[in-house]
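Given chain A's structure and the hints, the job is docking chains B and C onto it.
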Amino acid sequence: MPFIKIAEEYCKECGLCVEACPKNILRISEKLNVKGYKVVEQTEPDKCVGCAACAKVCPDAVISVYRED
Amino acid sequence: MKTVYEKPKSLNDVHFHYCPGCGHGVIHKLVAEVIDELGIQHKTVGVAPVGCAVFAYNYYNFDFSQAAHGRAPAVATGIKRSKPETVVFSYQGDGDLAAIGTAEIIHAANRGENITVIFVNNAIYGMTGGQMAPTTLVGQKATTAPYGRDPKTMGHPIKVSELLSNLEGVTYIERTAITTPGEIMKAKKAIKKAFQNQIDGAGFSMVEILSQCPTNWGVKPVDGTKFIKEKLQEVFPLGVYKDLSEERKGGK
Amino acid sequence: MAKEFIKGNEAIGKAAIMAGLDCYFGYPITPQSEIPEYLAAEMPKVGKVFLQAESEVAAINMVYGAAGTGIRVMTSSSSPGISLKVEGISYIASAELPCVIVNVQRGGPGLGNIAPEQADYFQATKGGGHGNYRLLVLAPDSAQEMADFTMLAFDLAEKYRNPVMILADGCLGQMKEAVEFKKTVRKEYNKDWTIGRGEKDHKVISSIDIEPEKLEQRNLKLLDKYKTMEKEEVLFEEYLCDDADLVLVAYGITSRVARSAVELAREKGIKLGLFRPKTLFPFPKKDIYRVSQKAKKMLTCELSTGQMVEDVKLNSHKDTEVYFYGRCGGVIPADLELLEQAQKVLDGKGVRF
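Residue numbers (the working numbering), protein chains in the order written: chain A, 1 to 69; chain B, 1001 to 1252; chain C, 2001 to 2353.
In isolation and in its complexed conformation, chain A is listed as follows:
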């Protein structure tokens, strides 16, 4: 079961991960980080396939991706 971790303080609300996610389960939340950016959040974690497209496109290494064996 793949899952992701989001280092919210590094997010700059650029939205590249939202567009890249093949499952469309990422979106910009209403939650602000200390810099005032609305951080990304995962809508349906169980649909994540762990492809790490989000992690690849993220300019700030906000998203880490793991796979539970």
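These are computed hints drawn from the structure, not numbers from a lab.
Note that CB positions come from ideal geometry on N, CA and C, so glycine has one too.
Among the clues, some could well be false.
[Stated by the list, open to error] With beta-carbon atoms standing in for the labels, derived distance ranges:
1. Glu30(A) - Pro1151(B): 42 to 48 angstroms
2. Lys1220(B) - Lys47(A): 21 to 27 angstroms
3. Leu2223(C) - Gly1251(B): 46 to 52 angstroms
4. Asp1150(B) - Lys2176(C): 56 to 62 angstroms
5. Gly1039(B) - Ser29(A): 35 to 41 angstroms
6. Gly1251(B) - Glu2337(C): 57 to 63 angstroms
7. Ile2210(C) - Gly1148(B): 31 to 37 angstroms
8. Thr43(A) - Gly1148(B): 39 to 45 angstroms
9. Asp2209(C) - Phe3(A): 58 to 64 angstroms
Chains B and C only, in chain A's frame:
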């Protein structure tokens, strides 16, 4: 638990100063991932340009030398000639490499300097706030080309990969982009090859990477990658422009 | 040790190799091209690096790169070429990188000509590039000192982690003289600050400080270095100044002519003396002051329209009469010409500077 993706070891755990959606961040990660995978972190010396990436030495977790504007290939030459056992790369933007630093990049390439060059082409001057670059497209607006670049008076975008690939000294040149996860993986593969060439003593390798500058293009990040796909790649076609990596292994 | 009959430029090359030069980055420009030519032939023999760069700008930035790794590195050029390098030199001084920079001065300004001149004194001693930095500047007066000062320069560069300039001129560069190449014992200095050691404690070579307070600290640290240089590294020569009625102040090739003028004068019972700075920065301020108190009259002679004379005046006793005589454009005055000028000053017909 298996890690599919994590911030590479060769990157310090600090915030990038880059704008939201800036391509530099993506490219920094790719270079760091490659250095981790090749296991050369403590042998690597990076050379930072003057431009948005001038602060790269804050982000990378290995030795760095910050060069004067345009002179990174010369600084890298000095380091490589002094300590051939190090892995030296210069990280430069289009203003640094293709404007003020044209002579340095051409001659480092012509000498077949055994270094790796990461050339970030975002067709604009970022750090200074959006001026025209040598790679700014015809018709593209910039603060110093407010009516769009006019080739009659401002010339055409410089195609660096094509220009340098005619030089005998060059071993490997590829132009890539960071528009989609797929393209990003191709860019990483090219970067890895460019570093491997240096380790193998195959000579001068450069990867040109089309990158987005949302702030100075005046677009949202997601539209930035679209601009690359639809406009930049038309003028700067992706692909391998020269590859003598195999033939020149162990040559230097 | 046997002496060798050798050109000043080549003496620099040979001495640099003896000092353990690891990398040389240069570019052709008359009247110093024998330095890269000599090193192009000799460096490969000792397994060291010679590289002719695409420009002086590239060369000084190669020096910046190499100096960051702590090896011994040198470049050489002449006046217009040094102008191209001063941005890089400012970076090198700010990042506190040891290196040796040779300027074999030629006629200026602009393209000028290839004849000798001393018109880069300001550029060499007052910074030349942007920012509060200084070069330690050594001024040889012979092929012997071209060799000796080259070896000294490498040590001083590492001692202070600062660029050291050898300020010669086309005459000294092209002149052949007998030189004894004395092997000096090489002192080792801490290199923990360098990059490329393959260590885990990573270092950054940089001249950037975004916070003004940090940049100020960097400037004050450099200032401390220059103050220490002023205390410990001043070099000069006094010749017959004790009883002199008029002291000629000159460096480099001009001091050779002035020395002859002093001797000619003495033969005629005219009491001239010569004060010759060997370091132009740090300038021999206290010694100029001491000599100027006794001599009452000082005639500075330069191949320029008057540059070092400003420092002579600045540091002379207030009652001392400071005079200047210079030729430029590549013209070198004869000893009789300087003697004539000295006589004019002694006869009260000199023009105060």
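How does the Cβ-Cβ distance of Thr43(A) and Gly1148(B) compare with 39 to 45 angstroms: does it lie in that range?
-> Once the Cβ atoms are compared, 41 angstroms apart, the range 39 to 45 angstroms for Gly1148(B) and Thr43(A) holds.
Consistency of beta-carbon spacing, Lys2176(C) to Asp1150(B), with hint 56 to 62 angstroms | holds (58 angstroms)
Hint check for Lys47(A) and Lys1220(B) - Cβ pair distance inside 21 to 27 angstroms | holds (25 angstroms)
Range hint compliance [Cβ, Gly1251(B) to Glu2337(C), 57 to 63 angstroms] | holds (60 angstroms)
Does the Cβ distance between Leu2223(C) and Gly1251(B) fall inside 46 to 52 angstroms?
-> holds (48 angstroms)
Range hint 58 to 64 angstroms: satisfied by the CB atoms of Asp2209(C) and Phe3(A)?
-> Between Asp2209(C) and Phe3(A), where Cβ atoms are some 42 angstroms apart, the hint is violated.
Quick one: are Glu30(A) and Pro1151(B) within 42 to 48 angstroms, going by C-beta?
-> holds (47 angstroms)
Range agreement (Cβ of Gly1148(B) with Cβ of Ile2210(C), hint 31 to 37 angstroms) | For Ile2210(C) and Gly1148(B) the Cβ distance comes to about 33 angstroms; the hint holds.
Gly1039(B) paired with Ser29(A), Cβ distance criterion 35 to 41 angstroms | holds (38 angstroms)
The structure fails to meet hint 9 from the earlier list, while all remaining hints are met.
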